[in-house]
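The opening position of the sequence shown corresponds to residue 21 in this note's numbering, with each subsequent residue numbered one higher.
Since the hints were made in silico from the structure, they are not lab data.
Wrong hints could be hidden among the right ones.
Estimated spans, in silico, between C-beta atoms of each pair [unchecked claim]:
id, residue 1, residue 2, range
1, Cys151, Thr486, 46 to 54 Å
2, Phe284, Ile470, 17 to 25 Å
3, Ile147, Pro264, 22 to 30 Å
4, Leu155, Leu280, 19 to 27 Å
5, Leu106, Arg144, 18 to 26 Å
6, Leu385, Phe475, 41 to 49 Å
7, Thr226, Thr176, 41 to 49 Å
8, Thr176, Pro381, 32 to 40 Å
9, Gln266, Arg424, 31 to 39 Å
10, Ala228, Val158, 25 to 33 Å
11, Gly421, Arg144, 22 to 30 Å
The structure displayed is predicted, hence computed values, not measured ones.
Ideal Cβ positions, reconstructed from N, Cα and C, are used throughout, including at glycine.
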Amino acid sequence: MAERKSDAHSPSPDINETGEDTWLVRLLRRFGAGVTGRALAGGATGSFLLKGFSHLAAFLFSILLSRTLGAAGYGAFAYSMSWVYLLMIVAMLGFDRLIVREIPVLEQNGNWSKLKGLLRFSHRTLIFLSCTIALSAVGIAALLQKLPDQGEQGLTGTFYFAMLLLPVYSMLRLRQNILLARQKFVTAQIGELLILPWGSLLLMGTIAIISPQTLTPEIAILGNLVAAGSGLIVLIIQTRKSVPPQLKSATPVYSSRAWLVAAFPMLIVSGMQVVNQRVGILMVGDMLGAEEAGIYAVANGGVMFVALIFFAVNQPLAPVIARLFAERKMDRLQNVLVRAARISLMAAVPVGLLIIVFATPFLRLYGEEFPVGRVPMIIMTIGYVITMGFGSVSAALTMTGFERMAAVGIGVSVVLNIGLNLLLIPRFGMTGAAWALATGQVSSAVLMTIFTFRFLKINNTATGRTL
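Work the whole structure out from these sequences, hints included.
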């Protein structure tokens, strides 16, 4: 028992203990967090603020587009962006997650040559794949002409423009995760959570004021491209500043085959998570049309406020999990995971109740067509709140080498989601898609919780015991 106590409270040179206490640090202390909790809380507090500003910008941006373009125009934009996020996962090939796990371990072991090789290989692979996939997607769409059109605001042209985003978004995410892996939690997310959403809002707001008739889904895509490019430039500068001297002087060593093998299950996990989130929009768009896709996308986006704290905690949590597992500090790992789950659930419940009570006036902000999304929004909200209580099960498995188990758990969710969408959308419309999403998410969380307990001997849910 004495050994456990020492392990749980011994300081780590990788943890920054300086600075004033934030509200999240105090919360973690209340649950008995220790220095690892302090480091996580510092990153999570910054992430929370950035996430909050990002959600505010996305909220204003979606209202601007929906009121300017209508439900059909906004649906075309949301449909095309869903394809971008889905194909981006394929383009990154799992390396965005692999580097979050490998960088802390390689730095700790002083293996700078292998780290340099990993960074170079991941960049080259991503650039090649993202450009190839974007060109292939445009070619296939043009050849098959399968995208459903809705008059002047059809999906085809918007989809073509959206493929320009794929290389830029992919590189932005990779650079972000490199900084996250080096525990630059706030700096890492400036590009995606600050510059991208607020830059897009500023550009589109300016166009809407000066010449609202020129604002189309395609112009909105181009605005995102300019903002994302600006964010990427900032992150490139920041990653270069954060490079350790040992890495600059190292000769790269490549383990390409091993990296591809390790990254593939992470690709499956990431891909299936995005499929889970976006497949409803895609299937509603294909089966019901652009207007319904726009309404469903707004309802789905509103639900994201429930998970704000969860995402803020989960971003900096991944490298902490990898580091603690590499040091075999399992007691501390469970403590951090349980506390993160409790904080996420504590925040999700009141936000979820607000969304349920005020769903109709919230949706009416987007236009008179949107309140019909009230019931789907409530169903998805309940599903998200339940899922928050299970904690970061996917990250716990992925960052400890059990990414295959995470892939199985999320795979079950995807199969349920797609299968139920096929069955329920024709009969119940958007409400059927919401039931499919909620059922898949909760089922996946339950299964991965079982895997986490079996393979890691950890109960990282909000009901778990701190050691």
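Here's how the hints hold up against the structure:
1. Cys151 x Thr486: 46 to 54 Å: 47 Å Cβ-Cβ, so the 46 to 54 Å window holds.
2. Phe284 x Ile470: 17 to 25 Å: Holds - the Cβ-Cβ distance for Phe284 and Ile470, about 23 Å, lies within 17 to 25 Å.
3. Ile147 x Pro264: 22 to 30 Å: 24 Å, holds
4. Leu155 x Leu280: 19 to 27 Å: At roughly 22 Å between Cβ atoms, Leu280 and Leu155 fall inside 19 to 27 Å, so the hint holds.
5. Leu106 x Arg144: 18 to 26 Å: The hinted range 18 to 26 Å holds for Leu106 and Arg144, with Cβ atoms some 22 Å apart.
6. Leu385 x Phe475: 41 to 49 Å: 45 Å, holds
7. Thr226 x Thr176: 41 to 49 Å: 27 Å, violated
8. Thr176 x Pro381: 32 to 40 Å: 35 Å, holds
9. Gln266 x Arg424: 31 to 39 Å: At roughly 32 Å between Cβ atoms, Arg424 and Gln266 fall inside 31 to 39 Å, so the hint holds.
10. Ala228 x Val158: 25 to 33 Å: 28 Å, holds
11. Gly421 x Arg144: 22 to 30 Å: 25 Å, holds
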